[in-house]
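Full structure from sequences and hints, please.
Listed below are the residues making up each chain.
10 protein chains.
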Amino acid sequence: MTNSTYETLGQLGQASELPQDPDEAVLETVPNPHRDVDYLVRFTAPEFTSICPVTGQPDFAHLVIDYVAEELLVESKSLKLYLGSFRNHGAFHEDCTVAIAKRLIDAMKPRWLRIGGYWYPRGGIPIDVFWQSGPPPKGLWLPDQGVPSYRGRG
Amino acid sequence: MTNSTYETLGQLGQASELPQDPDEAVLETVPNPHRDVDYLVRFTAPEFTSICPVTGQPDFAHLVIDYVAEELLVESKSLKLYLGSFRNHGAFHEDCTVAIAKRLIDAMKPRWLRIGGYWYPRGGIPIDVFWQSGPPPKGLWLPDQGVPSYRGRG
Amino acid sequence: MTNSTYETLGQLGQASELPQDPDEAVLETVPNPHRDVDYLVRFTAPEFTSICPVTGQPDFAHLVIDYVAEELLVESKSLKLYLGSFRNHGAFHEDCTVAIAKRLIDAMKPRWLRIGGYWYPRGGIPIDVFWQSGPPPKGLWLPDQGVPSYRGRG
Amino acid sequence: MTNSTYETLGQLGQASELPQDPDEAVLETVPNPHRDVDYLVRFTAPEFTSICPVTGQPDFAHLVIDYVAEELLVESKSLKLYLGSFRNHGAFHEDCTVAIAKRLIDAMKPRWLRIGGYWYPRGGIPIDVFWQSGPPPKGLWLPDQGVPSYRGRG
Amino acid sequence: MTNSTYETLGQLGQASELPQDPDEAVLETVPNPHRDVDYLVRFTAPEFTSICPVTGQPDFAHLVIDYVAEELLVESKSLKLYLGSFRNHGAFHEDCTVAIAKRLIDAMKPRWLRIGGYWYPRGGIPIDVFWQSGPPPKGLWLPDQGVPSYRGRG
Amino acid sequence: MTNSTYETLGQLGQASELPQDPDEAVLETVPNPHRDVDYLVRFTAPEFTSICPVTGQPDFAHLVIDYVAEELLVESKSLKLYLGSFRNHGAFHEDCTVAIAKRLIDAMKPRWLRIGGYWYPRGGIPIDVFWQSGPPPKGLWLPDQGVPSYRGRG
Amino acid sequence: MTNSTYETLGQLGQASELPQDPDEAVLETVPNPHRDVDYLVRFTAPEFTSICPVTGQPDFAHLVIDYVAEELLVESKSLKLYLGSFRNHGAFHEDCTVAIAKRLIDAMKPRWLRIGGYWYPRGGIPIDVFWQSGPPPKGLWLPDQGVPSYRGRG
Amino acid sequence: MTNSTYETLGQLGQASELPQDPDEAVLETVPNPHRDVDYLVRFTAPEFTSICPVTGQPDFAHLVIDYVAEELLVESKSLKLYLGSFRNHGAFHEDCTVAIAKRLIDAMKPRWLRIGGYWYPRGGIPIDVFWQSGPPPKGLWLPDQGVPSYRGRG
Amino acid sequence: MTNSTYETLGQLGQASELPQDPDEAVLETVPNPHRDVDYLVRFTAPEFTSICPVTGQPDFAHLVIDYVAEELLVESKSLKLYLGSFRNHGAFHEDCTVAIAKRLIDAMKPRWLRIGGYWYPRGGIPIDVFWQSGPPPKGLWLPDQGVPSYRGRG
Amino acid sequence: MTNSTYETLGQLGQASELPQDPDEAVLETVPNPHRDVDYLVRFTAPEFTSICPVTGQPDFAHLVIDYVAEELLVESKSLKLYLGSFRNHGAFHEDCTVAIAKRLIDAMKPRWLRIGGYWYPRGGIPIDVFWQSGPPPKGLWLPDQGVPSYRGRG
Ligand SMILES: [Ca+2]
Ligand SMILES: [Ca+2]
Ligand SMILES: [Ca+2]
Ligand SMILES: [Ca+2]
Ligand SMILES: [Ca+2]
Ligand SMILES: [Ca+2]
Ligand SMILES: [Ca+2]
Ligand SMILES: [Ca+2]
Ligand SMILES: [Ca+2]
Ligand SMILES: [Ca+2]
Ligand SMILES: [Ca+2]
Ligand SMILES: [Ca+2]
Ligand SMILES: [Ca+2]
Ligand SMILES: [Ca+2]
Ligand SMILES: [Ca+2]
Ligand SMILES: [Ca+2]
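Protein chains in written order, with our numbering: chain A, 10 to 163; chain B, 10 to 163; chain C, 10 to 163; chain D, 10 to 163; chain E, 10 to 163; chain F, 10 to 163; chain G, 10 to 163; chain H, 10 to 163; chain I, 10 to 163; chain J, 10 to 163.
Accuracy of the hints is not assured; some may be wrong.
Straight line, CA to CA, 30 Å or less: simulated DSS-like cross-link-like pairs of lysine-lysine [to be verified]:
| # | chain 1 | residue 1 | chain 2 | residue 2 |
| --- | --- | --- | --- | --- |
| 1 | F | LYS147 | J | LYS111 |
| 2 | H | LYS147 | B | LYS147 |
| 3 | H | LYS118 | H | LYS86 |
| 4 | I | LYS111 | J | LYS86 |
| 5 | I | LYS111 | E | LYS147 |
| 6 | A | LYS111 | A | LYS86 |
| 7 | B | LYS118 | A | LYS111 |
| 8 | I | LYS118 | J | LYS86 |
| 9 | G | LYS147 | G | LYS118 |
| 10 | F | LYS118 | F | LYS86 |
| 11 | A | LYS147 | H | LYS86 |
| 12 | A | LYS147 | D | LYS147 |
| 13 | C | LYS147 | I | LYS86 |
| 14 | G | LYS111 | D | LYS118 |
| 15 | A | LYS111 | B | LYS86 |
| 16 | I | LYS111 | J | LYS118 |
| 17 | G | LYS147 | D | LYS111 |
| 18 | C | LYS86 | E | LYS86 |
| 19 | B | LYS86 | B | LYS118 |
| 20 | F | LYS86 | C | LYS147 |
| 21 | F | LYS147 | J | LYS147 |
| 22 | G | LYS86 | D | LYS147 |
| 23 | E | LYS147 | C | LYS147 |
| 24 | H | LYS86 | G | LYS111 |
| 25 | C | LYS86 | D | LYS86 |
| 26 | E | LYS147 | E | LYS111 |
| 27 | D | LYS86 | B | LYS111 |
| 28 | F | LYS111 | C | LYS118 |
| 29 | A | LYS111 | A | LYS147 |
| 30 | A | LYS118 | A | LYS86 |
| 31 | J | LYS111 | J | LYS86 |
| 32 | E | LYS111 | I | LYS86 |
| 33 | G | LYS111 | G | LYS147 |
| 34 | D | LYS147 | G | LYS147 |
| 35 | J | LYS147 | J | LYS111 |
| 36 | C | LYS147 | F | LYS147 |
| 37 | H | LYS118 | H | LYS147 |
| 38 | E | LYS111 | C | LYS118 |
Simulated from the structure, these hints should not be mistaken for laboratory data.
Written as structure tokens, this is what we have:
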């Protein structure tokens, strides 16, 4: 893979403004350099925030995304900007988590993908959301995401 | 999903009194926005308390509930009020944990559900109760609940 | 210390009902068997719950109480019943934590006492309350209470 | 389940002496309130101690017992007294751990049972003993016991 | 303290919009119920986010605020809304952390206050900012904030 | 220090029976090989058990003993047998912890000694007892005992 | 199993010298008291040390051995002496770990055995070695060894 | 295995310069002393660093490599030098991690190999890469790599 | 503070090459926005690497820098580049750690500064280096750096 | 400091045999490059082993040594060989720990030194030994050694 692989990228290494909404964000991709094998890529995004569509209050989550590429990898800076675009966007926990996964599937057409959304507690009770696009590819090595369970106090 | 989805809800965003008993609590539901896929929703409720039916003394538990929705999601504020309704209700550990799961199944008719009840020690020996409604749906991603084992002291 | 030391106790070793309110609870005491020295007694009470006086919703806390006895020790079962008596009592976090300490001081007249109240989060932000009755006695060994800080998720 | 369920119990809610030997201990049972489902009950007993039959020195263990009930649950106070009856009884680590499991099986005839015995180190080398009565029931949810491995120092 | 203590509050128990900017936020106060003693109140706010004034990118922090009240306590919902008001506001790490403390001092005139700002890493290097308004009151019990140090990976 | 230093010891390297009571136990000592300096010796004894004098039920504790020797060190096997002698002895938590310290002071006449008793929970509330014989010697290095606080569940 | 079971043992309860070499060490066995079932015995040996055959420098490891007995259990004091016999013996990490397992298989003819060797780092890179004698017996309960991964610093 | 096994090694026990580039590094091998069995060798390398090919900035990773040998083991000092050779070499996260695994496969022709690359965060989002050469050999004991998930702050 | 504060900065927001040597690196500063108070700034740099001047092998460290500003803050991107400049520079552990602190003192003239260097183990024994420029300013809040001690394995 | 500083060293960068006894070990020193300041050097040695002079059995310890240099630093390879020389040497826990500190003081004449010896348990009770040569230099930054307390099991 040479540097020219990245010549079409519009965001990497550039000063980029945060997109106003997920619809405005552009998920960019680069070719998968190891298409001959099934390997797992994991992104851990502890800085996710969105808006509750009913109350207008901010929500926060720790997100972990695992995928196996087909032809394309998602470029990580564009992923960061996409996730940042939820900052002023209304979205429920269950809906939002699964929707991010579907958007990434649209952009990359991966062999397989899953997302874990670990939301900060509301009313004393946090919600976690877990989804995968199907059974993982055979022979894939897929470690646990290892996010600690919520413990309250003490 | 628009906000009108929530127009029938009686408790969300309202000042609500704690129901006097589990029978009085109303579990409200909203449509599942991603019925096309099997995803897991996890609630962690570290603030559960009930009454021992023999001694009248309070009991405490850390509960974790996992489910896969069919048509309905349980609305989280109504869940919180339902769990709070055990506050002055007599219930044994094994019985109570499984009964909560059955009540949620009645309300949501989920594809699958499980509950872990991690009770505070009595007589130096805590009891944990684990139940699932059946084998998990194939291809479901189902992380461990990750609640630490009880360690006594030292 | 002989068993007769305990003959006046009304709650220890008896089936006891939970007092309806802190005012009804009786804190019983026993003679301090080691009045000649300053030693620290620590109670850890992870099962505390009260009611928010504004919303009527339950609140939860993990409480740790440290004291140095003068003439009296608090009998632990009566302490447990006293703490249990807040179950249906309205009390704010800051007020309630300090008030428990003052009540214990009234009952025992200890050389010194402190309380740490580690409350479960509300609105994403837990409150901790720490108070001691004065500077600790000179030469007292006073370990940290060691309750983990709140971490949210991730 | 009504309170009359417990009327035949001889130890619960009573002042009970520690049995002198495991043979003298009585394991009491109550009806399983959820016979229609396979759920797991876990007891964690960090206060187990017995005597080495060769040297007469005390041994200590942290025990965790998991089972799936058939008709009966073991009543937890009688379990506590049974475990306490090993206090002055000679028993080797491997033998004792498995024997406790077999006794519980005799008393409850459970669908399935396992025991983990985590013994304190002797000669710098702790012994753990793990046994289950057979493959766990299909569809049972069976979390790891999660007892930390021994680490020596550092 | 009666409920009338809270009658002048404009935000507690109301649906409240997030203020557009820290200047618009109103920090409300209530009378300190225990003015006769020095006790510590700790708020842990793991959901803080602001905007980098140079790049426009979001920043995240875990904030812990400790204070000893004089006449007033800060009302916790108004604190939550004040912290939320930084969501679209540009502020540097060092400046912002200390400025929040100064604003709270203006609103409450506490006997003493400190803030710990634990910022998420940028360029692989997180910044923490620690400030207190002066030496803590004599005899105050002031536990460590106990936020884990940043560890990178491995 | 030569091996002859140990010739008077009656328990080390011998098969020894557990004393029936603390009064029967013999605490043996050896000369302090480094009398010219103040150094700390710490014993950690996680295998302590005694009997509740009121109920006859077993109690358990994790004990940590720190001391600075004068002329004598306590021989560790005799310490083990002394602690083991509480196995069938009735003793309350506060009394017993301080009494062990006093007995060690009688036997060794150390420059300084402290004990931390971390008792397993009864009624959901563990008791810790901390005592030292006086302010530690100046210039002594005295690390925290570092025993984790009790956390209940979750 | 009676005490006579142990009459043929030459090392248990005796003062024993450390064997000079693994070849000189004698692994003693006792009858398996529960031959009717498959249970797991785990030894954790955090005090293993050997010599690098090339450089003569000491190596250190934390070893964990799991096995399912057939007719025989290994006597734990003889195991301790066998492991201690590597103290002045040259052996490479990979070779030594597997060789210990093979020797134990020779001595006990167990139904199944595995060993985990967690070696201290050399050149910044620790080596772990994991081996099992075959697939574990069906229906065996086999917990993870749970030794933490190496983390370097930070 | 005698010391002559190592006579052909050019780097072990020698002062060796860091290779300028992965292509210059020589992976040396030694015969597998236990070819008759499938055992796992794990290297943990927390000191990996390379250069971002686009920005020229350093990247850091914690690498864990697991393999089952066929005829050859990789000599650990040559592995260390090979990994060190990435110090001034440009390589992307996904590409680099998989490429190291492929190079090791070329050098050793192992029965099976996998690599976990745990990269330090860039833009707040770390990337992990996981690959294995195929399904693990049947009957192989393959523990989890146990590297903690990234947690940000708090 | 306005953005013009940063107009003289040459590295922030620019693509910057890693300096070839610490002498070439430029530490840039910005005005301290809160000169009226003593607050602490902490940088955690887990990605430090240098070269051993004797063997030419890479060394790694986790560095934590604490300071109290006078007129100037160090700009964090220039700090990152300065630390990165040790990548191909020879420096011993003790010397290098203290030298970094002295260089920062030259650049900022802070009221006070300290550095903790936590180096990865060599020969099984890691070295930590701790230095501060003098006693910390009175009334400064100075939390522990909280880097875990090295534990080897197990 | 130039490389010539190290020209007189006899062990660094050489193949060195382990000394047969502490008396034979040579502690080498190098000039302190930062004599103008008081900084702390910490060595963590988790691989210490010696022989019990009474029983001939091996003992193990995790040692942490802190010092402030005057004219000399101890060279770390010679320290490693010195510590390794206890491998076949008889020494009691309390005596040995303090003796190592005294030997280092003889060799370096440091401004100040302390040692923490964390010994593996014997008879279920580990011994820790802590000594410092005097009160630490004023203004020295001296972090806790942070070795976890012993916990037994569970
Ligand atoms: Ca390819
Ligand atoms: Ca809790
Ligand atoms: Ca859908
Ligand atoms: Ca007394
Ligand atoms: Ca977080
Ligand atoms: Ca039923
Ligand atoms: Ca032991
Ligand atoms: Ca008052
Ligand atoms: Ca001396
Ligand atoms: Ca690291
Ligand atoms: Ca072979
Ligand atoms: Ca970053
Ligand atoms: Ca200012
Ligand atoms: Ca260890
Ligand atoms: Ca100098
Ligand atoms: Ca324990």
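Results of checking the hints against the structure:
1. Of the supplied pair hints, the one linking LYS147/F and LYS111/J holds, its CA atoms being roughly 20 Å apart against a limit of 30 Å.
2. For the suggested pair LYS147/H and LYS147/B, the alpha carbons sit about 23 Å apart, so the restraint of at most 30 Å is met.
3. Distance restraint check for LYS118/H and LYS86/H: the Cα-Cα separation of roughly 19 Å lies within the 30 Å cut-off, and the hinted pair is therefore satisfied.
4. A C-alpha spacing of about 27 Å is found between LYS111/I and LYS86/J, which places the hinted pair at or below 30 Å, so the restraint holds.
5. Distance restraint check for LYS111/I and LYS147/E: the Cα-Cα separation of roughly 35 Å exceeds the 30 Å cut-off, and the hinted pair is therefore not satisfied.
6. For the hint linking LYS111/A to LYS86/A, the alpha-carbon distance of about 19 Å falls within 30 Å, and the restraint holds.
7. Straight-line distance between C-alpha atoms of LYS118/B and LYS111/A comes to about 25 Å, which keeps the hinted pair within the 30 Å bound.
8. Annotation: proposed proximity of LYS118/I to LYS86/J is violated, straight-line Cα distance about 37 Å (limit 30 Å).
9. Distance check on the hinted pair: LYS147/G and LYS118/G sit about 18 Å apart at the alpha-carbon level, within 30 Å; holds.
10. A hinted pair counts as satisfied when its Cα atoms are at most 30 Å apart, and LYS118/F with LYS86/F qualifies at roughly 19 Å.
11. Of the pairs offered as hints, the one joining LYS147/A and LYS86/H is violated, with about 34 Å between alpha carbons and a cut-off of 30 Å exceeded.
12. A threshold of 30 Å between alpha carbons decides the hint, and for LYS147/A with LYS147/D the separation of about 23 Å falls inside it, so the pair holds.
13. For the proposed pair LYS147/C and LYS86/I, the alpha carbon gap of about 48 Å is over 30 Å, so the pair is violated.
14. Taken as a hint, the LYS111/G and LYS118/D pair is broken in the structure, with Cα atoms around 39 Å apart against an allowance of 30 Å.
15. Between the alpha carbons of LYS111/A and LYS86/B the distance comes to roughly 27 Å, so the proposed pair stays at or under 30 Å and holds.
16. Restraint check for LYS111/I and LYS118/J: satisfied, since their Cα atoms lie roughly 25 Å apart, inside the 30 Å limit.
17. Using a Cα cut-off of 30 Å, the hinted pair LYS147/G and LYS111/D holds, with the two alpha carbons roughly 20 Å apart.
18. The hinted pair formed by LYS86/C and LYS86/E fails the criterion: a straight-line CA distance of about 36 Å is larger than 30 Å.
19. For the suggested pair LYS86/B and LYS118/B, the alpha carbons sit about 18 Å apart, so the restraint of at most 30 Å is met.
20. Restraint check: the Cα-Cα separation between LYS86/F and LYS147/C comes to about 34 Å, which exceeds 30 Å; the hinted pair is violated.
21. As the CA atoms of LYS147/F and LYS147/J are separated by approximately 14 Å, the hinted pair is consistent with the 30 Å bound.
22. The suggested pairing of LYS86/G with LYS147/D is violated, with an alpha-carbon distance near 40 Å, which exceeds 30 Å.
23. This hinted pair checks out: LYS147/E and LYS147/C have alpha carbons roughly 14 Å apart, not beyond 30 Å.
24. Distance check on the hinted pair: LYS86/H and LYS111/G sit about 27 Å apart at the alpha-carbon level, within 30 Å; holds.
25. Note on LYS86/C and LYS86/D: the hinted pairing holds, with a Cα-Cα distance of about 19 Å set against a maximum of 30 Å.
26. Simply put, LYS147/E and LYS111/E have alpha-carbon atoms about 22 Å apart, close enough for the 30 Å limit, and the pair holds.
27. Only pairs whose Cα atoms come within 30 Å are accepted, and LYS86/D paired with LYS111/B is accepted, the gap being roughly 27 Å.
28. Restraint check for LYS111/F and LYS118/C: satisfied, since their Cα atoms lie roughly 25 Å apart, inside the 30 Å limit.
29. About 22 Å separates the Cα atoms of LYS111/A and LYS147/A, which keeps this hinted pair within 30 Å; it holds.
30. The suggested pairing of LYS118/A with LYS86/A holds, with an alpha-carbon distance near 19 Å, which does not exceed 30 Å.
31. Between LYS111/J and LYS86/J the CA atoms are separated by roughly 19 Å; this keeps the pair inside 30 Å, and the hint holds.
32. Between LYS111/E and LYS86/I the alpha-carbon distance is near 27 Å, which keeps this suggested pair within the 30 Å criterion.
33. As the CA atoms of LYS111/G and LYS147/G are separated by approximately 22 Å, the hinted pair is consistent with the 30 Å bound.
34. Using a Cα cut-off of 30 Å, the hinted pair LYS147/D and LYS147/G holds, with the two alpha carbons roughly 14 Å apart.
35. For the hint linking LYS147/J to LYS111/J, the alpha-carbon distance of about 22 Å falls within 30 Å, and the restraint holds.
36. For a cut-off of 30 Å, the pair hint linking LYS147/C to LYS147/F stands: about 14 Å separates their Cα positions.
37. Taken as a hint, the LYS118/H and LYS147/H pair is honoured in the structure, with Cα atoms around 18 Å apart against an allowance of 30 Å.
38. For the suggested pair LYS111/E and LYS118/C, the alpha carbons sit about 39 Å apart, so the restraint of at most 30 Å is broken.
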